[in-house]
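So the sequences go chain by chain: E and A.
Letter by letter, the first sequence follows residues 1 to 208 in this note's numbering.
Letter by letter, the second sequence follows residues 209 to 661 in this note's numbering.
No wet-lab data here; the hints were simulated from the structure.
Just so we're clear, the structure is a prediction, and the values are computed from it rather than from any experiment.
One or more of the hints may lead you astray.
Label pairs and their in silico Cβ distance ranges [what the hints assert, rightly or not]:
1. E:L24 to A:P572: 17 to 27 angstroms
2. A:K473 to E:A40: 10 to 20 angstroms
3. A:S362 to E:I119: 41 to 51 angstroms
4. A:P510 to E:H34: 44 to 54 angstroms
5. E:L24 to A:R239: 27 to 37 angstroms
6. A:T571 to E:V161: 49 to 59 angstroms
7. A:K309 to E:A102: 22 to 32 angstroms
8. A:R296 to E:G33: 36 to 46 angstroms
9. E:S125 to A:R296: 36 to 46 angstroms
10. E:M78 to A:P510: 21 to 31 angstroms
11. A:K533 to E:G33: 18 to 28 angstroms
12. A:M365 to E:A40: 55 to 65 angstroms
13. E:M57 to A:D398: 26 to 36 angstroms
14. E:L75 to A:S362: 30 to 40 angstroms
A virtual CB, placed ideally from N, CA and C, is assigned to each residue, including glycine.
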Amino acid sequence: MTVVGFLRALTLAAAAASLGALILMVFRTFSFGHREYLSAPRGYGGRGLVYAFGRGMLDKESVSRHRPTMAGGALYHMAIFAGLAYVLWMALPLRISPSLWAFRPLLLAGAIVGLSLFIKRTAKSHLRRLSCPDDFFANLFVDGFLSMALLHTFIPALEPVLLGFSVLLFVYIPLGKIRHCFFFFYTRIVFGLHFGRRGALPGSGREA
Amino acid sequence: MENLTSKRDPYEEKLDNLTDADIAKILAELRRRLKAPEIAAAHTCIRCGLCADACHYYLTNGELEDLPAYKLNLVLGVIKHHFTPVGRLAGRWVGGKKLDKVLVREWVDVLFGRCSGCGRCTVNCTSGINIHGLIRAARGALAAAGLVPPELQSTVMMAVEQGNNMGIPRDEWLETLAWIEEELQAETGDPGARIPVDAKGARLLYTVNPREPKFFPLSLLAAAKLFYAAGESWTFSSDHYDVTNYGLYSGDDAYAGLLSERLAKAREGLGAEVLVLGECGHGFASTRWEAPEWLNKRFPFPVQSILEVAAGYVREGRIRLDPSKNKKPLTLHDPCNLVRLGGIVEEQRYLLKRAVTDFREMTPNRQKNYCCGGGGGQLSMTRYAKRRLAAGRIKADQIRKTEAEVVVAPCHNCIDQLSELNREYKLGTQVRTVIEVVADALVLPQKPAAPLP
């Protein structure tokens with residue numbers, strides 16, 4: 001087996017291990033039990049869910065007062081998913097070449113936005129003091145990954161470096177803050193159901 | 209020096225002399241309260257800090273400790289360190305925090321002293337983490353070690369031991385009701401108008417904030433007029449009428465459950481169909497939403513806000529309102545526990561639009577309203593009063609911008625805070641409850657309406 005072949009296999013193994021670890025974390029989290037709602041509902045949990053993943057994603061001050069950060073954050077996440085897809089595409093024994101024109105702008109934008117978020121976290125006193133080392137490290141780690149993926153689209157010889165980087169990233173995902181990508185959805189579901197059944201979210205209750 | 213030492217606040221001394229056993233109690237109680245959503249929150253919060261603008265404390269004071277994400281991570285850090293493998297493994301690298309004496313002191317100052325539990329951060333959190341719920345869980349953990357600020361704890365204990373949080377003796381309560389009954393008769397011109405007490409088989413059991421008999425008896429009169437005009441079959445309980453529940457604020461589920469259960473038992477004893485909660489935001493959230501979970505049982509009867517009941521009367525044509533009786537420009541404050549966290553959003557608007565001629569919304573309003581600062585037990589915790597009044601500036605500015613002459617709130621805690629803000633920020637407004645305004649607009653029946661069977 002060639003070095004690249006070995007690294008491709010290792011990348012896939014790391015990705016699978018990362019996914020497995022995240023799934024284990026979810027099971028462990030669920031082992032704490034779920035809250036049983038015993039009060040009579042006044043609204044509709046389902047409508048709360050629709051709000052939580054629909055209008056409620058944008059209808060808040062954390063969005064309206066921070067449009068550049070939120071837009072940047074959305075772009076950053078899209079770029080990360082694109083980067084991961086790019087690496088897995090490369091590591092899997094597929095004979096289709098990814099369309100570089102689709103990846104390059106996204107990876108470039110993601111790397112720039114990621115770096116801007118790092119600068120923001122470092123420069124703003126309260127945000128810096130709120131942060132733990134993982135916040136800075138995970139941010140830079142992902143920025144490095146996106147930059148490496150972008151470079152690889154121009155210089156295919158960098159494949160072993162990109163694959164090595166990817167292995168480390170996959171190993172780090174369940175250990176650091178990147179794991180929020182899994183738990184975000186659960187937290188949002190709980191939010192929608194909890195307040196939806198109270199009729200406390202717009203459109204979730206009986207209106208007078 | 210000895211004298212100075214002996215005069216130290218015993219609460220501060222207790223915080224200084226915490227033992228490992230105290231820390232263990234806090235952790236055990238925190239662990240008991242953890243369910244999947246709380247653990248998930250520890251994995252979800254990315255400390256983006258975008259919740260900052262949601263908090264009236266942060267917006268007015270601007271200290272790091274006021275930032276909701278900071279408050280949240282004081283709790284999540286402990287959860288991570290003590291209850292998650294990643295937190296145990298990576299510790300401070302991932303924001304894990306070992307609970308020790310210094311951190312307990314910070315918990316007390318920040319979680320009790322810089323949060324009114326309004327939940328505005330929760331709905332503005334990019335991930336939807338129940339920030340105020342986690343803060344309450346941590347307050348409850350502190351309560352297990354006897355570390356609730358004494359002014360708040362004494363309010364809880366007053367209600368537990370005396371039956372109401374103002375310590376009003378039963379005779380005084382009954383005398384007040386007798387006096388209000390005379391006022392009702394005078395206002396309605398009907399010598400048969402009654403304020404029923406312990407009336408078996410009445411349809412509604414009505415509960416109030418003890419501040420009403422103590423300081424605002426006209427609120428009692430307003431509700432009595434409303435029921436009279438609707439021909440309602442209702443009653444007060446002579447013993448358990450206190451809708452407030454400071455256990456919600458102290459975080460102590462056992463006491464909170466006890467206080468709500470008393471109301472449920474009073475309803476059962478009198479055979480009333482519906483438990484009606486007076487104008488009290490946290491009282492509504494407590495008994496309507498939280499109590500079944502505190503008590504681990506479903507209530508086999510409806511629990512309603514007086515606003516729902518009154519709006520029902522208007523819809524059913526049981527009462528008539530004349531808005532020309534309330535001509536002053538009026539604005540509405542949305543109590544957080546009733547509206548954002550309780551779901552009673554439109555009823556008060558439905559009533560006010562029919563009871564006044566010039567109703568003006570604050571901006572923002574409804575679920576997005578700013579807290580007045582009176583929740584979270586802040587009104588009782590005098591040690592944090594300066595912060596509370598400073599944090600109320602946002603609400604004062606909102607009121608001023610409406611140029612209203614009257615501000616109404618369906619919550620007596622909010623009324624107290626709004627009255628203080630009125631003085632502090634020289635707003636020059638009248639502060640009233642929704643039902644008081646509705647009662648002023650009532651067109652009383654020529655003949656008394658017959659009570660429902």
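How the hints compare with the structure:
1. E:L24 to A:P572: 17 to 27 angstroms: Violated, since E:L24 and A:P572 (Cβ atoms, about 42 angstroms apart) do not stay within the stated range.
2. A:K473 to E:A40: 10 to 20 angstroms: holds (18 angstroms)
3. A:S362 to E:I119: 41 to 51 angstroms: Hint holds: Cβ distance 49 angstroms, inside 41 to 51 angstroms.
4. A:P510 to E:H34: 44 to 54 angstroms: Roughly 26 angstroms apart at Cβ, these two residues miss the hinted range, so it is violated.
5. E:L24 to A:R239: 27 to 37 angstroms: violated (20 angstroms)
6. A:T571 to E:V161: 49 to 59 angstroms: holds (54 angstroms)
7. A:K309 to E:A102: 22 to 32 angstroms: At roughly 56 angstroms between Cβ atoms, E:A102 and A:K309 fall outside 22 to 32 angstroms, so the hint is violated.
8. A:R296 to E:G33: 36 to 46 angstroms: violated (20 angstroms)
9. E:S125 to A:R296: 36 to 46 angstroms: violated (30 angstroms)
10. E:M78 to A:P510: 21 to 31 angstroms: violated (47 angstroms)
11. A:K533 to E:G33: 18 to 28 angstroms: Roughly 53 angstroms apart at Cβ, these two residues miss the hinted range, so it is violated.
12. A:M365 to E:A40: 55 to 65 angstroms: violated (30 angstroms)
13. E:M57 to A:D398: 26 to 36 angstroms: violated (55 angstroms)
14. E:L75 to A:S362: 30 to 40 angstroms: Violated: the Cβ-Cβ distance is about 53 angstroms, outside 30 to 40 angstroms.
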